[in-house]
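Chains as they are written, first to last, in numbering that gives the first Met the number 0: chain P, 0 to 321; chain W, 0 to 321.
None of these hints come from the bench; they were simulated from the model. Be careful, since some hints might not be right.
Claimed, not checked - Here are the computed distance ranges between Cβ atoms for each label pair:
(1) P:K79 <-> W:Q66: 14 to 24 Å
(2) P:E166 <-> W:G212: 23 to 33 Å
(3) P:K79 <-> W:D295: 23 to 33 Å
(4) P:S292 <-> W:G85: 33 to 43 Å
(5) P:L186 <-> W:G85: 23 to 33 Å
C-beta atoms are modelled at their ideal positions from N, C-alpha and C, and glycine is treated no differently.
If you want the building blocks of each chain, they are given just below.
Protein chains: 2
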Amino acid sequence: MSDGRIVVLSGGVGGAKLALGAYEVLPADTLSVIVNIADDFVHLGLSVSPDLDTLLYTLAGLNNEEQGWGRRDETWTFMKALRSLGGADWFQLGDGDLALHVERTERLKKGETLTAITKHVAKSWGIGADILPVSDDLIRTIVETDQGTLSFQEYFVGQRCQPVLRELRYDGAAEAKLSAAVENALLDKNNRAIIIAPSNPYLSIDPILAVPGIRECVRQSNAPVVAVSPIVGAAAIKGPLAKIMAELDKEVTPATIAAHYGALLDGFVLDRTDKHLKGEIAIPTLSTNTIMSTLDDKKALAQDVIRFADSLGALSVPGAVA
Amino acid sequence: MSDGRIVVLSGGVGGAKLALGAYEVLPADTLSVIVNIADDFVHLGLSVSPDLDTLLYTLAGLNNEEQGWGRRDETWTFMKALRSLGGADWFQLGDGDLALHVERTERLKKGETLTAITKHVAKSWGIGADILPVSDDLIRTIVETDQGTLSFQEYFVGQRCQPVLRELRYDGAAEAKLSAAVENALLDKNNRAIIIAPSNPYLSIDPILAVPGIRECVRQSNAPVVAVSPIVGAAAIKGPLAKIMAELDKEVTPATIAAHYGALLDGFVLDRTDKHLKGEIAIPTLSTNTIMSTLDDKKALAQDVIRFADSLGALSVPGAVA
């Protein structure tokens, strides 16, 4: 059991932190991360995949920790020159970051899949984990707001999430095909746990779960499914989650997150400061430190979540037989 | 006469040096540079125009003088990251340089002409001269060598001009349309001189002159036409010209260059070290310093060439009347 595979469902930064923790505590080649692609977009003719990039940079140790996104030791000569040409400068592209987008765009044009390209990048950078886009088809988050319909990046970067969100759509999700690699990862008999990272459920995890067949794969898996709350106290750890929950008329509490994933989950992890809320959650719940400031925090949380899942797995086996 | 327009036909580095000299000594907005586009190519999905770029960087004061190509204060983070991904690294793209290619590619995709894009860049960088691609259509130099057919950049950068050249073709030139801006520049009644820069005749000037109609425009112009020799002594000032001339069975001497342009020229400029060769050239010939090491050299040569052209213009008026 202890060298089974861990599958993490992840958005960008928060998910990458937990994935890094898991990567550090697990044996090599026992981690698969299924990643949201609904934030992906074409900018200046280049295919940008923000969540995949964050995972790749983070697991390769190339991420810029202070900045929270992009590459470490980055330079910005491109943006400066682009600005001098009156080019579109609302989305920051570092010089090193550009290489990933240029190479990906070129390979997509040659007919390679996003899955194959991501695998190539991970291999090039010596990452001993599978980073898997949920699909090789296009999925695009569309945000209906009080200021009209916006693409995800217009909403998220262009307008810094300021418009009031009314509704989210994941264009293309219903027609998207789950990648074979994702299906294989979820249905692997050797799976130890499936972890939903503390990513934004509405912006990052739902567009993954919107791909036909994935919920069935998760349900079919023998491994326990555990989600980590992205809400601590009545606030989001990071990003616009609390604002979005309020705008969608949802109570900003971990219980809302647990209820959101509902029957998909076997267990739920909330922050130790929310220990008193355990009673509000109908499934087995672990309280621990979920704030991942240091690498040790990330490793400790991953370890806690995996052990918790192991305990649920041990419990669920007789249940499944009964 | 003295504030008429100077039109320069130019390839990359050598032409840009003379163009810069002319730009410095002329009143604002009296210089047009017609530029070779047959070295242009698509690399990593990006439209690169090496000769236009060199002109733009040089006249904007952004060129890297020590390196001889590219931008000053350039960084190379992109290439380093690209290499880490196993990307195509045989052609060097600086981080700042990339902005020009990305912006141009994006604008071409939106349907802007290369002429309009180049004008936008020149304006963005405060260049008070017209930098004009000879055509908005594609022209591509193809090099037949002892090692087979090569694209220009494969030959020039990829193989460093080492294969033996048998023949040159300018694919697309016969079907290319002279841009209206180039036609207007050449036929401007106010033209003072048309100068063929000391660029490589076979690789840089011939693909300009191969566009239907341009020779007629040059001939129709009232302005004297003067070429500056890229051969000094029995060597090229720069690049593979002498090697190419030998491979094409041509004598490596300024007289070969003068004969190559033939009836197109009213005058020829050779280096002072080749003064003794004046007798071999059938048209009026000026000898002066043509080695442009410093900015003063560039200005002095431009001044010399323009004065020489002025003297030919004064001579040619009665000739034209007779």
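Check your understanding: Any of the earlier hints contradicted here, and which numbers?
Key -> 2
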